[in-house]
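Enquirer: Protein chains in written order, with the working numbering: chain R, 1 to 344; chain U, 345 to 427.
Derived by calculation from the structure, the hints in this document are not laboratory data.
The C-beta atom is built at its ideal place from N, Cα and C for all residues, glycine as well.
Nothing false has been slipped in among the hints.
Dumping the calculated DMTMM-like pairs for lysine to aspartate or glutamate here, alpha-carbon to alpha-carbon at most 20 angstroms: (1) U:Lys427 / U:Glu382; (2) R:Lys269 / U:Asp416; (3) R:Lys269 / U:Glu420.
Some, not all, of what chain R presents toward chain U, calculated at C-beta under 10 angstroms: (4) Tyr2; (5) Arg3; (6) Gln164.
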Amino acid sequence: MYRSDFCMAGVFRDAYLFRDYHRMKAFFLLVCLLALFLYLIRHFNLISTYPPSFFGTPSAADLCGGFIFGIGMVLGGGCLLSTLYKLGSGHTVSAITFCGVLFGGFVSAAFYPMFRSFAASTVLLGDKTALEHIVGSAGVPVLVTSVLAASLALRWARKGGWSQPAYARGYLPLWKASFIMAFVIALVVAFSGRPLAVGMGYAKLSGIVGGLFLPSLTGKLEFFHTEAPRLLYGRIMDGGAGPAFDSVALTQFSLMAGVVGGSFISSFKLGEFRITRMPPGRQAFSAFLGGMLMAAGALMAGGCNLWHLIGGVPLFALQSMVFALGIAGGSFLGAVFIRRAVIR
Amino acid sequence: MRQAAEDIVLDIRGQICPACLMITLRELNSNKEKLKNEKARLVVKTDHRDATRTIPSAAFAMGYRVSVLQRDKYYEIAMEYEK
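Whole structure, please, built from the sequences with the hints as guidance.
Expert: The structure is reproduced here in structure tokens:
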């Protein structure tokens, strides 16, 4: 991710601001490859339950959560994952976004009961959780997606749309990053039985930090006591936002640390690592606010962009598809804000 | 090619993404006359890797010749108008 600067905030933002579709194409390729790989994993019974029980019924909360998240990731200068690899390479502005996510996670936790009842009261499609419940087949969406992706990929290749020169040392073209990420993520899903996520990891971290400074308030927030059984690597383990060492700590903390550590090593080896200077005040405020909004959006929608966009969307989970619609709209508004009010 | 007389230096290290491209495009437009008369070149200092993809591509499409150098932990992107 660091070498290609594969930032999901840039997927929509660059298209809206500059009509630059390179990241969007790479993201589309990633999602289509994952849809195919995950279907094959399912075919070989490596995902034990299907449609996956960890995606619920779509609701207006997913749409609103995606919308808020979309605004936040553009204002924050990166999504929850890209904030980590930028942080690992020494970007101060990403450290500010990171702090905003932790602070936002703590504040949003107070609204968790409200978010939960909003989601429960605005269910959109009855008990349907995946596209196959509507079209009646799991294979058809994968087939349609694969044919569409292959024809578009060939068309873009003929027009030279995959290659845009970059001059940074060790640059990895976006389309190559898509292939590598699709392969790695599919392997993780095959072994763990769950898509990747970092949203709950951030929330857990904000609870831990909150517990150090405001222990009595943190103890009163219901969200930081939510632990639920999860199927992971064939075993049932508890996981949630509480301070316990559970499946969330095991998987999401290790992923977060891995992304920060990997980009630190990569940037150091490329001679690029350094703690950057403070951004201008408006940008620092935007980064912090963006982080807060991402935390609120992820909590409202029951997951971050990683969980929904490259976890649920390739599995055709309706909740994630609704989140994706929200994030596309929110990113547009975020792009308007950043152009008019932040970067002057 | 004739060497431009003046360097307009734009140091945008440490700024939020996508400030690099937005500020560079604004500077290219506001200094258009100087740049097109080959009286100056725009030199951008950035620590965003992606700027080495987006800025050269945009500047090239606007008729500029672009060179990118890695300096001490940042990149320097120079743009000169090409007649």
